[in-house]
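K.L.:
Residue numbers (the numbering used here), protein chains in the order written: chain A, 57 to 212; chain B, 827 to 950.
Rather than coming from a laboratory, the hints here were simulated on the basis of the structure. Small disclaimer: the values here were computed from a predicted structure and weren't measured. We put the beta carbon where it would ideally sit given N, CA and C, even for glycine. Take the hints with a grain of salt, since some may be wrong.
List of simulated lysine-lysine pairs, BS3-like, C-alpha gap at most 30 Å [as the list claims (entries may be wrong)]:
#1 Lys-132(A) with Lys-937(B)
#2 Lys-937(B) with Lys-74(A)
#3 Lys-923(B) with Lys-165(A)
#4 Lys-74(A) with Lys-916(B)
#5 Lys-923(B) with Lys-74(A)
#6 Lys-916(B) with Lys-165(A)
#7 Lys-871(B) with Lys-75(A)
#8 Lys-923(B) with Lys-75(A)
With the Cβ distance kept under 7 Å, some of the chain B side facing chain A (calculated, not the full set) [claimed, not checked]:
#9 Asp-835
#10 Met-839
#11 Gly-855
#12 Pro-882
#13 Ala-907
#14 Val-908
#15 Ala-938
#16 Arg-941
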Amino acid sequence: MKAEYANVFIRSAVHVFKKELNINMSRQSLVKKNAPIPGLPVCIILGITGHVRGQVVYSLDKSFAQDITHAMLPNKLPHELKKYINSAVGEIGNMITGQASIELAGQDKIINLTPPAVFTGDQMVVDFLEMPTVSLRLLSEMGMLEINIAIMEEVL
Amino acid sequence: MIRGLIVDDAAIMRLRLREILEPRYEIVGEAGDGNEAIEMYDRYKPDFITLDISMPNTNGMEALEILMQRTPPPRIIIVSAVGQQRLVIKALQGGAKDFVIKPFESPRVLKAVERVMSNGTNPG
């Protein structure tokens with residue numbers, strides 16, 4: 057996978073966290089893996105087709121997921137937030153990938169996204185694509201976001 | 827009172843849009859996919875719809891095409907994270923009145939509804 061795709065996702069995540077949550081994110085690390093297996097317990101999976109195809113898998117800690125939900129719904133009480141956690145993190149994954157799709161479309165790289173699927177902790181039984189993956193970690197004061205990008209350019 | 831329908835597969839976005847719109851507009855319902863949106867439009871005939879694109883089952887672009895064949899056609903504002911220029915153009919050519927890209931700020935959504943509704947009530 058070309059490095060330019062990783063940079064697009066970094067810019068998109070930084071933009072979405074700042075605009076939606078007023079959280080500053082900065083890049084912490086980048087490693088290569090053989091599959092987009094998440095390293096943290098809450099995971100959001102989006103499929104990508106088009107100019108590139110594959111999966112993007114976001115993961116984060118439960119406490120960060122709760123804090124994100126609270127930041128999106130500041131007027132709700134803690135016990136009311138619980139039912140919105142999956143929806144909140146799924147939507148953040150959707151916004152980051154959507155923002156990346158806008159930037160890629162500007163380079164004539166058109167991609168389509170599937171709606172996000174959210175999985176949590178021990179119940180996670182998911183088949184991840186075996187595909188060269190770039191795994192990024194972004195850090196904020198509230199927590200860490202891991203982005204696993206397993207995409208390859210479609211051969212026509 | 828002007829009546830609206832909110833369509834988004836994410837419960838948190840439906841709630842946020844309701845909180846933004848409800849003081850000024852009556853929200854007649856929330857739909858989680860395109861099929862529900864069509865059913866609810868036929869049942870409630872709202873004055874406007876906020877419509878997400880990336881949804882399971884029938885997505886927003888498919889729902890837009892079906893809804894625009896209704897009489898009267900609804901006033902539709904797309905609210906989506908997938909704001910690629912070609913999709914924006916396709917949605918507007920398909921009959922949507924505005925396109926709000928997520929993440930959004932409340933005034934952008936209110937302005938879109940105000941503008942769409944200031945062009946008069948539903949034709950027909």
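K.L.:
Against the earlier hints, flag every one the structure doesn't satisfy and list their numbers going up.
P.N.:
7, 11, 15, 16
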